[in-house]
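Given the coordinates of chain Y, assemble chain S onto it according to the supplied hints.
Now for the letters of each chain:
Protein chains: 2
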Amino acid sequence: MLAIMPALVGLIAIIYALVLAKIILRSPQGTGRMVEISGFIKEGAKAYLKKQYSVILTIALIIAVLLALISPRMSLSYVLGALSSVAAGYVGMWVAVNANVRTTYSAKEFGLGKALRLAFNGGMVMGLMVVGLGTLLVAVQYLLYGGTSEAVKDIVGYSFGASTVALFARVGGGIYTKAADIGADLVGKVEAGIPEDDPRNPGVIADNVGDNVGDVAGMGADLFESYVGAIISTMFIGAVAIKNIITKGVVALPPQASDWTSWVIVPLGIAAAGILSSIIASFFVRVKEGGDPSKPLTLSSVISAVIVAIVSYPLTTLLLGHEVGVRVWVVVLLGLIAGIIVGMTSDYFTNKNKAPVMKVARMSQMGPALTILSGMSYGFLSVVIPAIGIALAELIAYILLGYYQFWLGIYGVALAAVGMLSLTGIIMSADAYGPITDNAAGIAEQAGLGEDVRSITDKLDSAGNTMKSISKGFAIGSAALTALAYSAAYSSNIAQVTGHGLQKMMSLLSILDAKVVSGMLIGIALPAAFIALVIIAVSDAAFVLIDEIRRQLREKPGILEFKEKPDYGRAVAIVTTYAIKRLITPGLLAILAPIIVGFVLGPYALAGALIAAIVTGLLLGLFQGNVGNTWDNAKKYIEEGHFGGKGSEAHKAGVIGDTVGDPLKDAAGPSLNILIKLMSVVSLVFGPLIVQYNLLHLLGFT
Amino acid sequence: MLAIMPALVGLIAIIYALVLAKIILRSPQGTGRMVEISGFIKEGAKAYLKKQYSVILTIALIIAVLLALISPRMSLSYVLGALSSVAAGYVGMWVAVNANVRTTYSAKEFGLGKALRLAFNGGMVMGLMVVGLGTLLVAVQYLLYGGTSEAVKDIVGYSFGASTVALFARVGGGIYTKAADIGADLVGKVEAGIPEDDPRNPGVIADNVGDNVGDVAGMGADLFESYVGAIISTMFIGAVAIKNIITKGVVALPPQASDWTSWVIVPLGIAAAGILSSIIASFFVRVKEGGDPSKPLTLSSVISAVIVAIVSYPLTTLLLGHEVGVRVWVVVLLGLIAGIIVGMTSDYFTNKNKAPVMKVARMSQMGPALTILSGMSYGFLSVVIPAIGIALAELIAYILLGYYQFWLGIYGVALAAVGMLSLTGIIMSADAYGPITDNAAGIAEQAGLGEDVRSITDKLDSAGNTMKSISKGFAIGSAALTALAYSAAYSSNIAQVTGHGLQKMMSLLSILDAKVVSGMLIGIALPAAFIALVIIAVSDAAFVLIDEIRRQLREKPGILEFKEKPDYGRAVAIVTTYAIKRLITPGLLAILAPIIVGFVLGPYALAGALIAAIVTGLLLGLFQGNVGNTWDNAKKYIEEGHFGGKGSEAHKAGVIGDTVGDPLKDAAGPSLNILIKLMSVVSLVFGPLIVQYNLLHLLGFT
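Line order of the protein sequences matches chains Y and S. When the letters of the first sequence are read in order and numbered with our numbering, they come out as residues 570 to 1271. When the letters of the second sequence are read in order and numbered with our numbering, they come out as residues 570 to 1271.
Only chain Y is shown next, with the shape it has when bound in the complex (with noise of 0.2 Å):
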């Protein structure tokens, strides 16, 4: 009955989300043409999301109904989860769209302090939802299902759910995203020489509208999936593995801990703890007409990993009593100090004041290949850092726990991702309030306001972007830990299954077994080929959205003269075709790998698969996350007037290495975020069925 605990906190979290919905939307929304720009925004994004989760959901049920033939109450979670994710989704964006335009209007009326409150507010809706709900309703089903062992393996569903709308809506949105934002430059910037966010431009509707579709909705169930799923997992250990060897006698724990589910009830503690923070730490987001809007947002996540840090100290030594407790303490703080690193080596690549972009930027003086060659070398060495980070967090968290029993020590690993992901919340809102500051700057841009205006907007912009490379080596870094958990309670399970020791089992996983290694060498397959179709996608569809956008313009020479309007329905509906078409293949071959490979190769190769797809995600997620915020920021850098500026070759440099990037950063990059989730997520739940099933085993091999 503790899980009711979490449960209201989830719940005050939502009821607060609506509350500041509620007064964004009351908030006045300006004038004639922001208000027309900021409904073109507003339906292009309605209508993409209409048919990407139509065709999302189609999948869902087919999912679903296989799912019934194995369990009916994970079927009933699955769909749950698959609604949570969209409902999260569809709400956090439509306050996003809705902010925007009172964003732009808010700071043209009431100046920096008043926009930058409503603009973050506005991210809070969507960071607030996706806690809220999650913690909500792994709580609830938790308690309606009867908090049994059964129950949780059954919640594995809701994670699952979630994972499919979140791969779908992130691969999809990011190919949306970023197809529309290389046409609209290529041909807007590039080739007709007009400013970004030019209402000239054929394509520019299409870009804002990607802004939404792809960094909020996607991001949002990107974060949600990973923080249920994070949780899901750590409960799963604790209510299989713990319960186990627990009630076989295998260790000797003090009293207090001796109660398998106090170990369930731990992550939805965290999450808590993290849901409370986060409010409290949304109130320092604040600063003064003139001030520097990126310090707020950064400081608040700093005060919510703090006031974790404190809150969980006691929470868990009162769940799992003194000793224990707080050794459990320390892999929270383990998670949260890994997130930290994770963030700020990020920061250190990406960030315009710092030598990497400085160099990158210097070095686009010899053209665009060096712009390139030398972006990649340091978003290859971004990875060292975090890589090194995550592994000594997980290797520390495994000793502290593992003391007692081996299974506690994989506890302790999943367990540091929740520590991780308890700041979801307001890294989360950091994170929406970006796409919205940039729209409010293509709004205040488009709708021909004063300077005054859009250097308040470009600031809030300008603060959202560092937010932005932050919260992605957040989401990849976070990515990782819960597919580690999640691959952890693969094996935990599949040892249930076959009734094979501990010794047994371990040793059936060994990195000596040829099984293990063929799948670890079939793992690194899968990411190579997701992030080959998602770029292959997004450069298709910004081939074509290119065409259209010079056919537009060769038509109508009115256009550029101001004389013509462009038709942005157009190239709206070209972009929303496009990626809607090419979602389908790959989000199909991460939820079909890992089946195939594990009815073909069996279990062990399937967690080689695994564990190989993971590191190798890491290693290509931060290497594409932070690569395509430094080429980002080395344009920017050199549009502040270094190198010759705007207009020179390093500026063109810059451009090129930009639009290099965006795919990377913002569709391929994420997407694998979710990918070795949701491989690893797909394991877990057919993994009984391939210990029974599978060719090798058939052929009499194993």
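I should point out that these hints are in silico values taken from the structure, not numbers from a laboratory. Keep in mind that the hints are not guaranteed to be accurate.
Note that the list lumps identical chains together, so a pair holds whenever it fits in one copy or between two copies.
As the list claims (entries may be wrong) - Result set (BS3-like, lysine-lysine): computed pairs, CA atoms no more than 25 Å apart in a straight line: (1) K1221 <-> K758; (2) K928 <-> K1150; (3) K817 <-> K1073; (4) K591 <-> K615; (5) K923 <-> K812; (6) K864 <-> K758; (7) K758 <-> K1134; (8) K817 <-> K864; (9) K1221 <-> K864.
Quick look at chain S alone, frame taken from chain Y:
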């Protein structure tokens, strides 16, 4: 004493190589300007190699002294390995820089057929030196050291020595060749608008030198290392693990297969078969006037593979008896097949007449960003089939021999690498042929020879390019298999040192174990850091060279009008200095990283780091090799007149793609081959020490 046979075959190869070299050096080298240019190239290459080898041998000497503390005989083998690699590289390169001008002359005087033979014979010297020296010296050491299990352990030093040289030669050569290439191209072709290989370009000689020090000496050292590495690691598993299970009676094998020395001889036998097959196949490299020289080149590899497949059947069945021998024979076939799959996939993705290259060329019409993006997507896609192919070859090899006992299965995995590498002789020959004809074409251009001569040299050059991408795939595929074999040898060694039984050993190396997983997370960071260091070095060196070339063209405006002579020497000196300075950090990283991981986190985390570095290295190695060749050929495809041909927007974009791809395919990518092998062999050598002394163990966590 059976080892005398392969030793003799190795000796034959060396003698044949020296005879070929003599024939080449005796053939006429033409006149005046041709000889002068060839002289510049020779001088530059000699000067660079002298500096490079003196740095490498200094480092090698330090390592040799340290190794002597572990085992003096291993230290001796180490020195021998380093010197063998230097000798093969130096002789091969010396012949190459002499064969280039003679090929040009041959094309001028005797036509395509003779010129092809001459250039191919030039490459063959390198190919035969590599396989001849390797097989001869490994066999001789085995005989001299007494043919014991301890003897084989010490021979690992030979591979370590070869790795050390290979690493620095690949990295240094890679930095040199690509910095020169990019520098010369960016200023020459792009800015000054003069054609490739034009004598007015102050960087042109540096560029020609680069082809030799990078593609001949570097590639030679790389394949030499894979070649001896695969042979020695297979011998190691035979002499340590198989001997152990046979003497302990763990496995009951048919009588002939029960002598462990047979298992040690098999890889040497396959290597000898490969040498003979290469020599026979080389006679098929001929072409009629007006024919296509790329066909006989590809054909010769196929012929060589068929001969090995046929010859190894009696060889394995004689050595190991029919029952076991047939299984071993199939394992050799699997290695050959995997090699062909990797080569064919590389060919598909990089061939001018196949869809991927054409599509990248088409995308280039929309500017360089889409050239880069579409190329990257195909690069990632190109990893999928080889990864699955290697995975299946590895798994089936394991199943076939693991049927008897686990360690025989592991032996199978290693032997598959030997099967693949039995083609080294012919593939290395065809690969070294490339830079010779590339230089020959360059000399024809610079010496202002007629259109007819240039059309022949261009034809020869273009045939070399097809082979280049095939051999690049071969190099990384075989490196991955060799490294896997080494990491298996490492585990078998640790098992012996610790006295752990197989079951215990396997569970210690489980992907469920947090030490192994943390090692894997760190393992992915190593290739990433390595790539970053190499690319940064290339970009920095190119940056400096560009400055120098611009300075010369500015200060001596007469150069462009043929009135003043550029200072080639200064450009050569600058690149030399830079490449030498910048090869040290990545080189030390490769050697020290496994030592640090091992001594801090212990032998099991190190095993995790190894396997993760190997699979990631395979992924990034294939990606970089293929994407670079795709861009290269997309540019060439456009130059043939498609999408506007030379000078069009598409062409400019293609040139940028090519420039980005150059350091990936010729510096960072190939260096990964050696990184993963070197890390594995370092681990094997220091494994026993690491077991005793490591921080985690000393702190009480084991």
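(Q) With identical chains, the pair K817 and K864 could be close in the same copy or across copies; at 25 Å between alpha carbons, which is it: within, between, both, or neither? (A) neither (52 Å within a copy, 68 Å between copies)
Practice prompt. Up to 25 Å between alpha-carbons, please classify K591 paired with K615: within, between, both or neither.
Written response: within (19 Å within a copy, 76 Å between copies)
Between K928 and K1150, at a C-alpha cutoff of 25 Å, which is it: within one copy, between copies, both, or neither?
-> Classified as between; 20 Å across copies, 39 Å inside a copy.
>> If the cut is 25 Å between Cα atoms, do K864 and K758 qualify within a copy, between copies, both or neither?
In response: Neither. Shortest intra-copy (31 Å) and inter-copy (47 Å) distances fail the 25 Å Cα cut-off.
Are the CA atoms of K923 and K812 at most 25 Å apart within a copy, between copies, both, or neither? neither (49 Å within a copy, 57 Å between copies)
Checking K1221 and K758: alpha-carbon separation at most 25 Å within a copy, between copies, both or neither? both (10 Å within a copy, 19 Å between copies)
Alpha-carbon proximity between K817 and K1073, which holds within one copy, between copies, both or neither at 25 Å:
both (17 Å within a copy, 23 Å between copies)
Regarding K758 and K1134, is the shortest C-alpha distance of 25 Å or less found within a copy, between copies, in both, or in neither? Only inside one copy: K758 and K1134 sit 18 Å apart there, 42 Å across copies, limit 25 Å.
#### Entry: K1221 and K864: within-copy, between-copy, both or neither at 25 Å Cα
neither (30 Å within a copy, 42 Å between copies)
When the structure is compared with the earlier hints, violations turn up for hints 5, 6, 8 and 9 and for no others.
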